[in-house]
Amino acid sequence: MSTCVSANPYMAKPVTVQKITVENEARDLKTFRLAFVNPADRQAFAHQCGQFAMLSVPGAGECPVGIASSPLDGDYVEFTVKRYATGVVSSALHCLEEGERIGLRGPYGNSFPMTAMEGKNVVIVSGGFAFSTLRATIRYMLAPRNRPRFKTVTAIYGARSPGELLYKDELAAWNASSDIAMHVTVDKADANWKGRQGFVPTVLGEVRPSAANAIVLVCGPPLMLKFTIKPLLDMGFAPDMIFTSLERRMSCGIGKCGRCNIGSKYVCRDGPVFSYKQVLELSRGQF
Amino acid sequence: MPQASLRKEHFGKFVAAVSKGRKFFGPLECSDGVQLAELSPQDVPAFEYGNFTLPPKRFFLPRSEVIAVHGPGGMAATPPSQERVVLFGVRPCDAMSLTYMDKVFIDETYVDPYYRSRRENTLIITLACRQPAVTCFCASVKGCPAGTAGADIAASDLGDALLLESITDAGHAFLAEHAGLMGKPSTAQLKARDSQHADAGKKMSPVDVEKLPARLQAAFESKTWDDISQRCLGCGVCTFLCPTCHCFGLHDEQVGPVQRRVRAQDACAFPTFTLEASGHNPRTRQGARMRQRVMHKFCYAAENFGELFCVGCGRCIRSCPANLDIRQTLAEVPE
Amino acid sequence: MHEVEIKMREAARTLLESGKVDLVLGFEQGSLPLRMRPCFARNAGATVGLVWNDFCANNLAAYLPGLFQKPADVRGSWTAPTVAVVAKRCDARSVIELIKENQIPRQNVVLIGMPCQGMVDPRKAQEAAGANVTACKMAPDKQVELTTAEGGVAMSPREAILADACLECATPAPQGADVEIPGPSRPSAANPYGRLSEFESLTARERWDAFVGEISKCIRCYACRQACPNCYCKTCFIEQSKPTWAGVGDELSDVLLFHIGRIFHQAGRCVGCDACVRACPKNIDLRLFTRKIVKDVQELFGYVPGMSLDEQPPLCTFKEDDNESFITHP
Chain H
1 MSTCVSANPY MAKPVTVQKI TVENEARDLK TFRLAFVNPA DRQAFAHQCG
51 QFAMLSVPGA GECPVGIASS PLDGDYVEFT VKRYATGVVS SALHCLEEGE
101 RIGLRGPYGN SFPMTAMEGK NVVIVSGGFA FSTLRATIRY MLAPRNRPRF
151 KTVTAIYGAR SPGELLYKDE LAAWNASSDI AMHVTVDKAD ANWKGRQGFV
201 PTVLGEVRPS AANAIVLVCG PPLMLKFTIK PLLDMGFAPD MIFTSLERRM
251 SCGIGKCGRC NIGSKYVCRD GPVFSYKQVL ELSRGQF
Chain W
288 MPQASLRKEH FGKFVAAVSK GRKFFGPLEC SDGVQLAELS PQDVPAFEYG
338 NFTLPPKRFF LPRSEVIAVH GPGGMAATPP SQERVVLFGV RPCDAMSLTY
388 MDKVFIDETY VDPYYRSRRE NTLIITLACR QPAVTCFCAS VKGCPAGTAG
438 ADIAASDLGD ALLLESITDA GHAFLAEHAG LMGKPSTAQL KARDSQHADA
488 GKKMSPVDVE KLPARLQAAF ESKTWDDISQ RCLGCGVCTF LCPTCHCFGL
538 HDEQVGPVQR RVRAQDACAF PTFTLEASGH NPRTRQGARM RQRVMHKFCY
588 AAENFGELFC VGCGRCIRSC PANLDIRQTL AEVPE
Chain Z
623 MHEVEIKMRE AARTLLESGK VDLVLGFEQG SLPLRMRPCF ARNAGATVGL
673 VWNDFCANNL AAYLPGLFQK PADVRGSWTA PTVAVVAKRC DARSVIELIK
723 ENQIPRQNVV LIGMPCQGMV DPRKAQEAAG ANVTACKMAP DKQVELTTAE
773 GGVAMSPREA ILADACLECA TPAPQGADVE IPGPSRPSAA NPYGRLSEFE
823 SLTARERWDA FVGEISKCIR CYACRQACPN CYCKTCFIEQ SKPTWAGVGD
873 ELSDVLLFHI GRIFHQAGRC VGCDACVRAC PKNIDLRLFT RKIVKDVQEL
923 FGYVPGMSLD EQPPLCTFKE DDNESFITHP
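Protein chains in written order, with the numbering used here: chain H, 1 to 287; chain W, 288 to 622; chain Z, 623 to 952.
Certain hints may be false.
In silico EDC-like cross-links for lysine to aspartate or glutamate, where the CA-CA straight-line distance does not exceed 16 Å [what the hints assert, rightly or not]:
1. K310/W <-> D330/W
2. K839/Z <-> E873/Z
3. K746/Z <-> D319/W
4. K914/Z <-> E836/Z
5. K764/Z <-> E781/Z
6. K839/Z <-> D319/W
7. K510/W <-> D695/Z
8. K490/W <-> E772/Z
9. K839/Z <-> E563/W
10. K307/W <-> E464/W
11. K30/H <-> E98/H
12. K151/H <-> E118/H
13. K489/W <-> E772/Z
14. K188/H <-> D73/H
15. K120/H <-> D240/H
16. K692/Z <-> D513/W
17. K151/H <-> D179/H
18. K642/Z <-> E632/Z
19. K864/Z <-> E563/W
20. K498/W <-> E622/W
21. K498/W <-> E619/W
22. K19/H <-> E100/H
23. K839/Z <-> D872/Z
24. K295/W <-> E335/W
Calculated from the structure, these hints are not laboratory results.
Build out the structure end to end from the sequences listed, making use of the hints.
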């Protein structure tokens, strides 16, 4: 491989689909465990929680996906992808089988404020499949060698129904763990559901995490964000203590193609993580 | 700076000499007006023209290009072009636009190898404007009809001869290489150039870009955008003809058995530009899309690169099918 | 001409004042020489800016389908506006086709029919004067006086600087409008397909070469599509992603596919208003090809688009004795 090719930022690295996990009953959410074909690419790939990468299916194209695995996980990178009927790449990803080869380039963007979170109480509020990068963050914080660096970890995570909850095994483990106060909720329970029922903003009101010495990470659909920010502000979280991850259509992922900007900022390069203070400045509080 | 005079009767020889090592593009009368076209020594160049329909960005960021082919071993990148090119007759506004594009494609974190390679292998000879068009306003946006930003060599048309002045090292070397065809400019020629340059600058009406970034920022939610954009038909003329518009998309295509990745210019006026796979679109109104284009150039670029991404070439004004005029749009942004 | 303008303004003012319409789509002074531009007058006061002259070229029908679609970001109830359109006959014919294609509700449109003497093609005017034209004034004996930026004055016959489409127009006089502005119109062209005969006389190979030669100038800016009243598809076939019919770039086969698709979609629909040609920044002669398709439909099915509201478009009807001569076997 010549130097100019390796320096070409648009070239995806080959990865093998090691494992595919169907996450939900609707079968439109799958987690892909990808392993680099070339060890050098694995070596070069060092991500932080909250970053994303471009997944590339030959013939279909590329799309940006948040990284769902922790930097401390093994020799693989995980992504949870939702399939949209109108989405060319997400549909192509969902047609993949284990052992197939696709492309990956990244990691791109900034991360959750991991350094600022150290020594603080961390609150995580999430709904739907936006939970994926926060799952990476929880896995990272709960790693034995990292856990002492953070104070309390409180997480509220909701899905439409029990069948739509992601990472069910991990949720069960976190529910049983004393390292994290895990609050799982569903919008609509079914006969077998023994947990909480209620929308994420409602549960947030019930849990009422303290804003003292705390940082909150909020990821979810725009409507959930809208109804979550206000109670958080009411609870005393300042706009610069609230962090969220934004999504926009992207093409290059490296701040050149001009597609994903919100105001003067590129979501791919300056984000995807923004404080609510920044969101207010950039887009008048619109997600 | 090194200067030389090239008699127009020797232009064919000049093209022949240059063509030994490079592709020579210059102004040529085509079926759709004077365009920057590949010249052979026999061609009669057109020295009288306003500006080319298409800006020179197509030589650096083509409308579309194949950047890779997918194969069993992964992506095989298209090697960046090493073709050596001379562009003669680029207008100063367009040459300046390339210095802006450089800021996007050759930044400290990621370098676009295709763009950079073409830039490095292209020598730009500008030709100063004698008669700015009614749509020109370069003087309001840091330019000038005889500007040299982005030029390796700046040429002036003095009737029977061209005065060439090299600006960059590549330009100096080029002049030295072709010195045999050129002479030393006379004092009269230098004088003629000066008065020509001074005259051309007086022929444009000014556009007020003072405090524009702040004014635009304050007018983000103004109803003005919906009012102005009523007329906008939503085509890509302004974008594709703009020398600084650089937004693009990466797409996969299948041609026969070959799967390839294509990079193609895109336009923020199109609703599909921000349409997400989920069907969500953050810019559903034409007003929001038009605001994005104007703000990208006159506000966000100022924040990110310290420059307004407009060189006053007037192409968007001249070619808009609905006669939307950026000069008026900027004037209508509320104070 | 001035009287026509005054009467049009009065009609527009009356319509807005009486509340019969919410919007008058007309023309206002443009920012460039020889250019008027679309004007959206929403109250009687705004009608003072309406103009009518030889440069009111745009086909305003292109804006109509969008005006009758509820904006994506409006929640709850929404009422479609009633819109009056200052329309040359070609534009009015577009409106009629759009009504027939259910893109605009008949009761929400008021056609202000304008007499038409043909519109000036600014490119021809520039060529006639050989320099930057800054003004164009009518002169006696069907001449025009062209003033240039350098202060020169050139005379040209008016016919010589009219748009090709106007020279070939079979229907310059208003007809069937809701409000008809009286005034002189140019005579109908004897042969509306005059320029086609040369193209038709070519062999298939030559026609293809001519088509490819012209279309290869395209940069795919979609100005032709966006300016065309008939191109209202919510998602143009060329931009569909599932499936994808063509690549996104300027590779010739993709460009040709776009234009072949667009031109064939004009069969029995194109009124020859020239909007596509005017909008094209590369001066591609698109009208030549759409005219050919329109002529074929006229010859095969006896249909001329936009002539009446009652006549069924040929693509919407089927008769057992329909002409099938154009169906060939390989």
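Hints, verified against the model:
Between the alpha carbons of K310/W and D330/W the distance comes to roughly 14 Å, so the proposed pair stays at or under 16 Å and holds. Restraint check: the Cα-Cα separation between K839/Z and E873/Z comes to about 11 Å, which is no more than 16 Å; the hinted pair holds. Between K746/Z and D319/W the CA atoms are separated by roughly 13 Å; this keeps the pair inside 16 Å, and the hint holds. Annotation: proposed proximity of K914/Z to E836/Z holds, straight-line Cα distance about 15 Å (limit 16 Å).
Between K764/Z and E781/Z the alpha-carbon distance is near 8 Å, which keeps this suggested pair within the 16 Å criterion. Restraint check: the Cα-Cα separation between K839/Z and D319/W comes to about 9 Å, which is no more than 16 Å; the hinted pair holds. Note on K510/W and D695/Z: the hinted pairing holds, with a Cα-Cα distance of about 15 Å set against a maximum of 16 Å. Straight-line distance between C-alpha atoms of K490/W and E772/Z comes to about 11 Å, which keeps the hinted pair within the 16 Å bound.
About 31 Å separates the Cα atoms of K839/Z and E563/W, which puts this hinted pair outside 16 Å; it is violated. The hinted pair formed by K307/W and E464/W meets the criterion: a straight-line CA distance of about 12 Å does not exceed 16 Å. With a C-alpha separation of about 12 Å, the suggested pair K30/H and E98/H falls inside the 16 Å cut-off, and the hint holds. For the hint linking K151/H to E118/H, the alpha-carbon distance of about 8 Å falls within 16 Å, and the restraint holds.
About 13 Å separates the Cα atoms of K489/W and E772/Z, which keeps this hinted pair within 16 Å; it holds. Between K188/H and D73/H the alpha-carbon distance is near 33 Å, which puts this suggested pair outside the 16 Å criterion. Between K120/H and D240/H the alpha-carbon distance is near 14 Å, which keeps this suggested pair within the 16 Å criterion. A distance of roughly 15 Å separates the Cα atoms of K692/Z and D513/W; the hinted pair therefore holds under the 16 Å criterion.
A threshold of 16 Å between alpha carbons decides the hint, and for K151/H with D179/H the separation of about 9 Å falls inside it, so the pair holds. Restraint check for K642/Z and E632/Z: satisfied, since their Cα atoms lie roughly 14 Å apart, inside the 16 Å limit. Pair hint K864/Z plus E563/W holds up; C-alpha atoms about 14 Å apart against a cutoff of 16 Å. Among the hinted pairs, K498/W with E622/W is consistent with the structure: their alpha-carbon atoms are about 10 Å apart, no more than 16 Å.
The straight-line distance between the Cα atoms of K498/W and E619/W is roughly 14 Å, inside the 16 Å bound, and the hint therefore holds. For the suggested pair K19/H and E100/H, the alpha carbons sit about 10 Å apart, so the restraint of at most 16 Å is met. Proposed proximity of K839/Z and D872/Z is supported: the alpha carbons are some 10 Å apart, at most 16 Å. Proposed proximity of K295/W and E335/W is supported: the alpha carbons are some 13 Å apart, at most 16 Å.
The structure fails to meet hints 9, 14 from the earlier list, while all remaining hints are met.
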